[in-house]
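Peer 1: Line by line, the protein sequences are chains A and B.
Residue numbers 1469 to 1508, in the working numbering, belong to the letters of the first sequence in order.
Residue numbers 4 to 217, in the working numbering, belong to the letters of the second sequence in order.
For the record, the hints were derived by calculation from the structure and aren't laboratory data.
Backbone N, C-alpha and C define an ideal beta-carbon position, used for all residues, glycine too.
Hints should not be assumed to be uniformly reliable.
What the hints assert, rightly or not - Simulated restraints, written as ranges between beta carbons of each label pair: (1) M1470(A) - L125(B): 45 to 55 Å; (2) P136(B) - F1473(A): 19 to 29 Å; (3) S1505(A) - P136(B): 13 to 23 Å; (4) E82(B) - I1476(A): 24 to 34 Å; (5) P109(B) - M1470(A): 18 to 28 Å; (6) S1490(A) - V57(B): 22 to 32 Å; (7) P109(B) - I1476(A): 46 to 56 Å; (8) L117(B) - F1473(A): 44 to 54 Å.
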Amino acid sequence: MMKKFYGIIAALSTVVAALVASSACILFAYQPEEPKSLRD
Amino acid sequence: MEKLAKQLAFKIASSLNYDKEKEAVIAYGLIAIIQVTITVLLILLFGILINAPVEALIICFSASLLRKYSGGAHAETPELCTMISVLYCTLTALLAKYLLVAIYRPIPMAIAILLIFALSFLVIYQLAPVDSPNKPIRTEKKKKRMRKGSFLILFVYFILSLIFWVFSNSFAAFKAYAVCILLGISWQTLTLTSVGFLFIGKINHLLIHRKEGL
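For reference, chain A alone in the conformation it holds in the complex:
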């Protein structure tokens, strides 16, 4: 049950990470270090 929940969170956060990667920065005024696999 918990594994399924973690899977959903992992998928959702990966989609958001990919969306953020395609922009100049996160919507607000803080920018964490971008993971290597998301760099262009």
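Starting from the known structure of chain A, arrange chain B on it as the hints suggest.
Peer 2: For chain B alone, kept in the frame of chain A given last:
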């Protein structure tokens, strides 16, 4: 916020047997989800408290959507970023709804719209996209895409401001909405310039480095 996102990402990655890179991607996405959710909810809450939730959200989204393409100066922690965003959106929403609308006149407003948009187009033309060391823009193709996106968003805001301005006599709320778009754009444009970098740098210094030094 960042610590919480990293802890949660570690838990998820351990449970699903993901490697370190996948864990970093999940943490990155979680930071964005947590920060955006908390910031928008706080802006909504403070907006309700000052009886100007729509105005506060218009300022928030007009600045942040433009920021997605144009980049700009950054706070050093997500908490500080949230604090700056909530303070700016709430205080300027208050100013827009209770002061600027009271002194609103169509001709000065038209001049303000033209001036602020002309200045923003100029700043974006010269500086955007402004990247950060944590997320450098490496390819010319992406730079062009970000610039194009910035101009497109600014153009849409310009049309929206004109619509609000034209119908401001029929719908009183439109006066505040037009002012709020200008306040959102002004803030975002400022964060692209050296003055904006200096200002956010000072806040970082005062609230983070000084605290660490104590």
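Peer 1: Run every hint past the structure and note whether it holds.
Peer 2: Tested hints:
1. Range check, M1470(A) to L125(B): about 53 Å between beta-carbon atoms, so the 45 to 55 Å window is met.
2. Against the hinted window of 19 to 29 Å, the Cβ-Cβ separation of P136(B) and F1473(A) comes to about 35 Å, which falls outside the hint.
3. The beta-carbon spacing between S1505(A) and P136(B), approximately 18 Å, falls within the hinted interval of 13 to 23 Å.
4. At about 27 Å, the beta-carbon gap between E82(B) and I1476(A) stays in the expected band of 24 to 34 Å.
5. At about 59 Å, the beta-carbon gap between P109(B) and M1470(A) misses the expected band of 18 to 28 Å.
6. For S1490(A) and V57(B), the Cβ-Cβ distance of about 29 Å falls inside the hinted range of 22 to 32 Å, so the restraint holds.
7. Between P109(B) and I1476(A), the C-beta spacing of about 51 Å keeps the proposed range 46 to 56 Å intact.
8. The beta-carbon spacing between L117(B) and F1473(A), approximately 52 Å, falls within the hinted interval of 44 to 54 Å.
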